[in-house]
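Trainee: The listed protein sequences correspond, in order, to chains B and W.
Just so we're aligned, residue 1 is where the first sequence starts under UniProt numbering, counting upward by one.
Just so we're aligned, residue 1 is where the second sequence starts under UniProt numbering, counting upward by one.
Mixed in with the good hints there might be a few duds.
When chains are identical, the list treats them as one kind, so a pair holds in a single copy or across two.
As the list claims (entries may be wrong) - For lysine to any residue, the following SDA-like pairs were computed, each having C-alpha atoms within a straight-line distance of at most 20 Å:
1) Lys7 x Lys115
2) Lys197 x Glu231
3) Lys168 x Thr215
4) Lys303 x Glu34
5) Lys197 x Gly135
6) Lys39 x Asn73
7) Lys197 x Asp185
8) Lys128 x Ala91
9) Lys197 x Ala131
10) Lys197 x Thr183
11) Lys245 x Phe293
12) Lys197 x Tyr156
13) Lys197 x Asn157
14) Lys197 x Leu233
15) Lys46 x Leu113
16) Lys168 x Tyr214
17) Lys290 x Gln280
Quick caveat, the hints were computed from the structure, so don't treat them as lab data.
There are 2 protein chains.
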Amino acid sequence: MYMEEIKVFCPATIANLNCGFDVLGVCINGIGDEMIFRKTNQKGIKIVKIEGANLPYETHLNVAGVAAQAVYNAINPSFGIEIEIYKKIKAGSGIGSSSASAAGAAFGVNELLGKPFTKKELIGFAIKGEALASGSEHADNVAPCMLGGFTLIRSYNPLDIIEIPAPKSLYAVVLHPHIEIKTADARALLSPNVSLKNAVEQSGNLAGLIAGLYTSDYQLIGRSLIDKLVEPLRKQLIPYFDEVKTGVENAGALGFGISGAGPSMFALCYGEDTANKVNQAMNIVYSNTKISFDVYLSSVNTKGVELL
Amino acid sequence: MYMEEIKVFCPATIANLNCGFDVLGVCINGIGDEMIFRKTNQKGIKIVKIEGANLPYETHLNVAGVAAQAVYNAINPSFGIEIEIYKKIKAGSGIGSSSASAAGAAFGVNELLGKPFTKKELIGFAIKGEALASGSEHADNVAPCMLGGFTLIRSYNPLDIIEIPAPKSLYAVVLHPHIEIKTADARALLSPNVSLKNAVEQSGNLAGLIAGLYTSDYQLIGRSLIDKLVEPLRKQLIPYFDEVKTGVENAGALGFGISGAGPSMFALCYGEDTANKVNQAMNIVYSNTKISFDVYLSSVNTKGVELL
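Extracted from the complex, chain B is given alone in its bound form:
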C-alpha cells in the first residue's frame, strides 16, 4: 500500500468578538498548528508524535484524536491513519488552540478518506473533539478555523453556521499574555441572567457588526464592537486590560476586547498601518509588566484549515 501523507495548517481563531459572545468567531493568519496525516495498513487512528505541547497520545483523551476518530468511524475505511501534531498555538491562550487541533484532525482524516464530507459537515465531527477540551460542543472557534473568515453560529440544534464576509482591509492584532485562565473559571464569572436592556443592546451591536462586515463599513464595525454582557465581568481576569484598551484605542483600533475566554486580547483595525501602531501600543503596555507575552498581527484568514 502506498503510504500517502498530507500536511495540514490549522489556524488560530478569535471567538466572541465582543458583541458576538458564543456565536461569532474569526480566523486569523500568522499563527497556527501543523499536523501530518499518513495512511497506514493498521486500521484505526493513531497519534504517533506530538511536539510543542504536553498532550496525551491516547486517541480518546486527545482533542485531535477524538475528532479524527469521529470522521474515521463515519466511513470505516480499510486502512488506518497516523497523526503527527505540531502545536504552535499554546493551550489556554484564548485563540482556539483546541479548536485548531479538532478542526485540523477532522479535515486531515477527511482528505485521506477522499473527501466524503464538506468542510461544513466536518464541523459537526470537530466539535466532538472540542467538547473534550471545553466540556461542550462549542463551535465558535471550530467553525472559523475550519471555514476561514467570520462565522456565525446561529443555532446549535440543529447546527446552523453562516459564513460572513471579511472586509479586505480588516486586520487583527492579538496580544497573548503568558498567564493561564481556565475556561471553567472564566465561565463561572458569568451571570446566568442579564438585563433585558443589555441583551437588547448586545443584539443591536451584533446586528450592526454583521451589517458592517457585509458592507465593509469599518466605522460601523468599530462602533458595534461593544460587549455589554461579558467583558465587564471577565476583564478582571486579564492583567492590564484597561491599559491595553486605552493604548490601542489611542492608536486608532476600531475595537478591542477579550479573545475567547482570555487571556488573549484582540483589536480589529482598518489597514496594516494602524495595525502596526496597535501592535506597538500593546508592546508598550506589556513591556512595562513582568508578564511575558506574544503579539500576532494578521489579516483575516479567509481559507481556514488547508493543505500545506
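Knowing the structure of chain B, use the given hints to seat chain W on it.
Mentor: Showing chain W alone in chain B's frame:
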C-alpha cells in the same frame, strides 16, 4: 405669499420582528396615513383638521404636532405651517400608527422648509413626537417609516440607524385583530431580566436574520425569525396567536410573530403566492372568532415617508 401645499404618505411599519426586539423594524405598503402641509402667514404649527381618529388638536398634545414643532423650531422660519391629518392606521394596532404621524409630520415640515435636514436627521425630531405616545423616544417604528425597508437601531445614545436591504421577493402579511393592547400593559409583561442563554440565542438569530437580508437567503431569514425573549410572555395578550401561527406556518410562511407590542401579528413570506395563502390562513382562523379584523398583504416598502 404663495400658499404652498404638499401631501405626504406615511406608511405602516412592523417593529421587533421576533429576534429584533426593540432594534429592528420594516416598512410596509398597502396601509398608511396621509397628511397635508400648507404654508401660512401666521408663524407656528397649527393642526387644522384630523380625520379618522379622535386626537387632540393642541400641537403639544399631538404626536404629529410635537414632531412638526421640533423641526419647525430648529429653523424658525418666517412663515407658519398648518397640518391636516388623515389617519388610516388605527391607534394601538401595533403597526406604527403614532410613528407614522411623527415621521410624516417631521418630513412634511422639512419639505416646506426647503429640506434643511436629511431623512435620517429627521428621525431625531420624529422620535420626540413618538415619545408623547409611547413614553420614550423609540425609533424602531419611526426609522423604517421614515426611511423605508428594514432599519436597525444599533444605538440610541448616540442614535445610530443602519439601513438593511430588503430582498425583492419578501412579502409581509399583517393580521390586525380589533382589540386594544396598551403598550404599557405589553411592557409590564416583560421580565427585566433574561437568561444569558436566551440572550445569546436571540442575538444569534438576529445576526442570522441580518445575514439573510443581505444575501436574500429566504430560508435563513425564516430560520432566524424566532423570539426567545418576548413572544413567550406577550402572546397571551393576543387571542388565537398559536392557532394563527400554526395556520400560517402550514401555509408556507417563512416566519411569524407579534408586530410591535401587538395586537397585530405578522408573517414574512417568500413570494406573493405564498403571501396570498398566508392571507387566507389568517382569514380562516379569525373568521371563526367573534373578533373583527383586517389583513394587509404587502411587499416591503423601500421608500418610506414620501410626497404624494
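Trainee: All hints, please: hold or fail.
Mentor: To see whether the hints hold, each was checked on the structure:
1. Lys7 x Lys115: within (15 Å within a copy, 63 Å between copies)
2. Lys197 x Glu231: both (16 Å within a copy, 16 Å between copies)
3. Lys168 x Thr215: Close inside one copy (11 Å) and across copies (18 Å); limit 20 Å.
4. Lys303 x Glu34: within (15 Å within a copy, 53 Å between copies)
5. Lys197 x Gly135: between (30 Å within a copy, 16 Å between copies)
6. Lys39 x Asn73: Within one copy only: 15 Å inside a chain, 79 Å across chains, cut-off 20 Å.
7. Lys197 x Asp185: between (26 Å within a copy, 18 Å between copies)
8. Lys128 x Ala91: Cα proximity of Lys128 and Ala91: one copy only (17 Å, versus 53 Å across).
9. Lys197 x Ala131: Close across copies (18 Å), not inside one copy (32 Å); limit 20 Å.
10. Lys197 x Thr183: between (27 Å within a copy, 17 Å between copies)
11. Lys245 x Phe293: Close inside one copy (16 Å), not across copies (55 Å); limit 20 Å.
12. Lys197 x Tyr156: Close across copies (12 Å), not inside one copy (25 Å); limit 20 Å.
13. Lys197 x Asn157: For Lys197 and Asn157, only the inter-copy Cα distance (13 Å) is at most 20 Å; the intra-copy one is 26 Å.
14. Lys197 x Leu233: For Lys197 and Leu233, both the intra-copy (17 Å) and inter-copy (16 Å) Cα distances are at most 20 Å.
15. Lys46 x Leu113: This pair counts as within: shortest intra-copy Cα distance 15 Å, inter-copy 78 Å.
16. Lys168 x Tyr214: The answer is both: 11 Å in one copy and 18 Å across copies each meet 20 Å.
17. Lys290 x Gln280: Answer is within: at 17 Å inside a copy they meet the 20 Å cutoff, but 70 Å across does not.
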